[in-house]
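There are 2 protein chains.
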Amino acid sequence: MNTYQLQVVENTNKKEKPVKDQVPFGTTFTDHMYVLEYETEKGWYDPKIVPYGPISLDPAAMIFHYGQTVFEGMKAYHTEDGRVLLFRPEKNFERLNLSSERLSIPALDEKLALEHLTALIKLEKDWVPKTPGTSLYIRPYIISTDANLAVGPSQTYKYMVILSPVGSYFPGGLQPVVIHVEDKFTRAVKGGTGMAKTAGNYSSGYQAQANAKKEGNADVLWLDGVEKKYIEEVGSMNIFFKINGEVITPELNGSILKGITRMSIIELLDTWGIKVTEKRMSIDELYEAYDAGHVEEVFGTGTAAVISPVGELNWKGKKMIVNNHEIGELSQKIYDTITGIQTGKIEDTLGWTVEVK
Amino acid sequence: MNTYQLQVVENTNKKEKPVKDQVPFGTTFTDHMYVLEYETEKGWYDPKIVPYGPISLDPAAMIFHYGQTVFEGMKAYHTEDGRVLLFRPEKNFERLNLSSERLSIPALDEKLALEHLTALIKLEKDWVPKTPGTSLYIRPYIISTDANLAVGPSQTYKYMVILSPVGSYFPGGLQPVVIHVEDKFTRAVKGGTGMAKTAGNYSSGYQAQANAKKEGNADVLWLDGVEKKYIEEVGSMNIFFKINGEVITPELNGSILKGITRMSIIELLDTWGIKVTEKRMSIDELYEAYDAGHVEEVFGTGTAAVISPVGELNWKGKKMIVNNHEIGELSQKIYDTITGIQTGKIEDTLGWTVEVK
Ligand SMILES: Cc1ncc(COP(=O)(O)O)c(C=O)c1O
Ligand SMILES: Cc1ncc(COP(=O)(O)O)c(C=O)c1O
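Residue numbers (the numbering used here), protein chains in the order written: chain B, 740 to 1096; chain L, 740 to 1096.
Rather than coming from a laboratory, the hints here were simulated on the basis of the structure.
Careful: at least some of the hints might be erroneous.
Repeated chains share a single entry, so a pair holds when one copy, or any two copies, can fit it.
[Stated by the list, open to error] Here are the simulated DSS-like pairs of lysine-lysine, each with C-alpha atoms no more than 25 Å apart in a straight line:
| hint | residue 1 | residue 2 |
| --- | --- | --- |
| 1 | Lys753 | Lys1096 |
| 2 | Lys1057 | Lys787 |
| 3 | Lys929 | Lys1057 |
| 4 | Lys929 | Lys1018 |
| 5 | Lys1058 | Lys861 |
| 6 | Lys1018 | Lys923 |
| 7 | Lys850 | Lys781 |
| 8 | Lys861 | Lys1096 |
| 9 | Lys929 | Lys953 |
| 10 | Lys967 | Lys1018 |
| 11 | Lys968 | Lys929 |
| 12 | Lys929 | Lys952 |
| 13 | Lys953 | Lys781 |
| 14 | Lys923 | Lys997 |
| 15 | Lys929 | Lys1055 |
| 16 | Lys1084 | Lys968 |
| 17 | Lys756 | Lys787 |
| 18 | Lys923 | Lys968 |
| 19 | Lys1014 | Lys1057 |
| 20 | Lys929 | Lys997 |
| 21 | Lys1018 | Lys1058 |
| 22 | Lys1072 | Lys850 |
| 23 | Lys1018 | Lys1072 |
| 24 | Lys967 | Lys923 |
| 25 | Lys929 | Lys967 |
| 26 | Lys1096 | Lys830 |
Since we're looking at a predicted model, the values are computed, not measured.
Can you build the whole structure from these sequences, using the hints too?
As structure tokens, this is what we get:
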């Protein structure tokens, strides 16, 4: 048997779809999941679509002890004319392999991963919600499964994909958020795992996020781990600034994630004749521009919300109110264009969408 | 029912013990494991000793996605007169709670955790190997189990303990190792999770360790994440130097692990009238001392090996040969004393051991 022949075991006990398209993010899952196994001798083998359900692991499985794991996050969107679109999914698999390299995890065949993902989404087509702003969240991930407490790369892995219908991030339209600039805790540093989408990068931010929330902030903006001076990114978003007419975003320096929304915005703005400056920018520089009245827009970018306008930025007690807590013109235009392309309302001249058929 | 009443479900299908006491580290497990559950509303509840076996988790369980997890490592030793001793186990539970705090995991009741651990070891007494140098490795760990993809602390956790008989780290006596000083990759940084025993800290080192091994090194010595200048620690060991008669170890700065062997050596040397200097020490300083002929001994310290003499240290192509690749007098004396106390051969005047009875 071809070790790459996709097997499908259909779920005969299907769940009810959520009545409202506003289930809390990441808590409802579809009827099926995808599983692919890895062993050093065989490579990746035995791809399967099976009923969504618990997985059984040895208590010594490496994922529980040494965190050798990577993941991705993307979405499938329903168009008004009944098609289902993915947004640049090949970029997610490319990044998954980049993350895997950093974590010493064997690479996936990106083309095949996309093919099998498409097969899974096709089977779960009815789970892609239709209300504007909603989507089917897609979570591919790889876990290390050797039952072995010796610190070092696993010889066996499981690559899985689970799907979760999600409501609109901003049910009432774009809402500017309040962000705390973190100057104590560190998310990532040069030489670390910041540019990889790996589990440990997320839980390491919980304390900072909890502290920030206590003071009324929605999330934290991370500064670099070396000098606590240069702007990196927000929780699960890259960040952009419009300062005195110039659009700026922190450069990819190895410690921030190479966001696919970030990349798409840079490319989109290029087609609009707007050059995005990718550079190292200090938080002082930002506050100086603010004091001079030059900070026009600030927005986070990521798969979850596409654009999340920042209305307020708190750094060491200094409050920066951006655009009077209102959504900026450019932020809104980018949001409308990208969500328009994602949902088929705007023609996809950039070739970003992949139809599931 | 008292939610803290320990239940024991005995394994009726016991495994063969390994014939040789030289099984590879971390691959053989005993007949039973300990499990304790947590829910926000209930706190920790339902402690159980059950047959060792697979655990079943939702594929969306947070441990697979965001790395909210902590662990410990300690050992039980057989004495010649048939007793089983633990070495400062209360320090491990103290550190587990410290790690948990950093990862936003609820604290365990340290006293009860030790009580239940003792009950588990008692049941598995026959699994504690008897050959000199062998021991029963103990792995307590906590994993986050909410089936929820929203980034943030879990509301449910599992605390578990598994046990693994391990052979001698140095079957032929102490063997000096070759260590590579890592100047590209980073393990930890100020404000990060370096002082916590959490999964992500380990897999993030695999690439550096693999590169080092290719060049004949056993492990890497990490430098600080900010300046790549100050000495931190080795893979799973703290590090000590004897330079011109002075014993030095890097100070606890938030990015290195507070090793229990490290702590014990500082206390032991104090009883010998030797003061250990805990300070920030740069790698240049070390090499300067070496060039001046002052580096007398270098050794790693940790539960796995107690003392692991370093015979060679490679930094940017500069080779430091320590004590002619031989074990130093102080290293050997510390090793003999601590392993002597652990195995009951030397009187435990410091009150470090806890008998399992
Ligand atoms: C740390 C981090 N930064 C940035 C992003 C944004 O990336 P993308 O635009 O690919 O969703 C994400 C989310 O995926 C993230 O987790
Ligand atoms: C990163 C790290 N440093 C140091 C140590 C040594 O600590 P201990 O002496 O408590 O075993 C360990 C092992 O536990 C470790 O994982």
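Structure-based check of all given hints:
1. Lys753 / Lys1096: For Lys753 and Lys1096, only the intra-copy Cα distance (22 Å) is at most 25 Å; the inter-copy one is 52 Å.
2. Lys1057 / Lys787: neither (53 Å within a copy, 51 Å between copies)
3. Lys929 / Lys1057: The answer is between: 23 Å across copies meets 25 Å, while 27 Å in one copy does not.
4. Lys929 / Lys1018: both (16 Å within a copy, 24 Å between copies)
5. Lys1058 / Lys861: neither (47 Å within a copy, 59 Å between copies)
6. Lys1018 / Lys923: Answer is both; intra-copy 23 Å and inter-copy 22 Å each pass.
7. Lys850 / Lys781: Cα proximity of Lys850 and Lys781: one copy only (19 Å, versus 47 Å across).
8. Lys861 / Lys1096: The answer is within: 7 Å in one copy meets 25 Å, while 60 Å across copies does not.
9. Lys929 / Lys953: between (29 Å within a copy, 23 Å between copies)
10. Lys967 / Lys1018: both (16 Å within a copy, 23 Å between copies)
11. Lys968 / Lys929: Result: close both inside a copy and across copies, 14 Å intra and 14 Å inter.
12. Lys929 / Lys952: So Lys929 and Lys952 pass the 25 Å test across copies only (22 Å; inside, 27 Å).
13. Lys953 / Lys781: between (50 Å within a copy, 23 Å between copies)
14. Lys923 / Lys997: Classified as both: same-chain Cα gap 24 Å, cross-chain 20 Å, threshold 25 Å.
15. Lys929 / Lys1055: For Lys929 and Lys1055, both the intra-copy (24 Å) and inter-copy (18 Å) Cα distances are at most 25 Å.
16. Lys1084 / Lys968: neither (41 Å within a copy, 54 Å between copies)
17. Lys756 / Lys787: Answer is within: at 23 Å inside a copy they meet the 25 Å cutoff, but 37 Å across does not.
18. Lys923 / Lys968: Answer is both: 11 Å inside a copy and 21 Å across each meet the 25 Å cutoff.
19. Lys1014 / Lys1057: Classified as neither; 30 Å inside a copy, 46 Å across copies.
20. Lys929 / Lys997: both (14 Å within a copy, 23 Å between copies)
21. Lys1018 / Lys1058: within (24 Å within a copy, 38 Å between copies)
22. Lys1072 / Lys850: So Lys1072 and Lys850 fail the 25 Å test inside a copy (32 Å) and across (59 Å) alike.
23. Lys1018 / Lys1072: Close inside one copy (23 Å), not across copies (55 Å); limit 25 Å.
24. Lys967 / Lys923: both (8 Å within a copy, 20 Å between copies)
25. Lys929 / Lys967: The answer is both: 12 Å in one copy and 10 Å across copies each meet 25 Å.
26. Lys1096 / Lys830: Classified as within; 19 Å inside a copy, 58 Å across copies.
Hint compliance for this structure: hints 2, 5, 16, 19, 22 are broken, all remaining hints hold.
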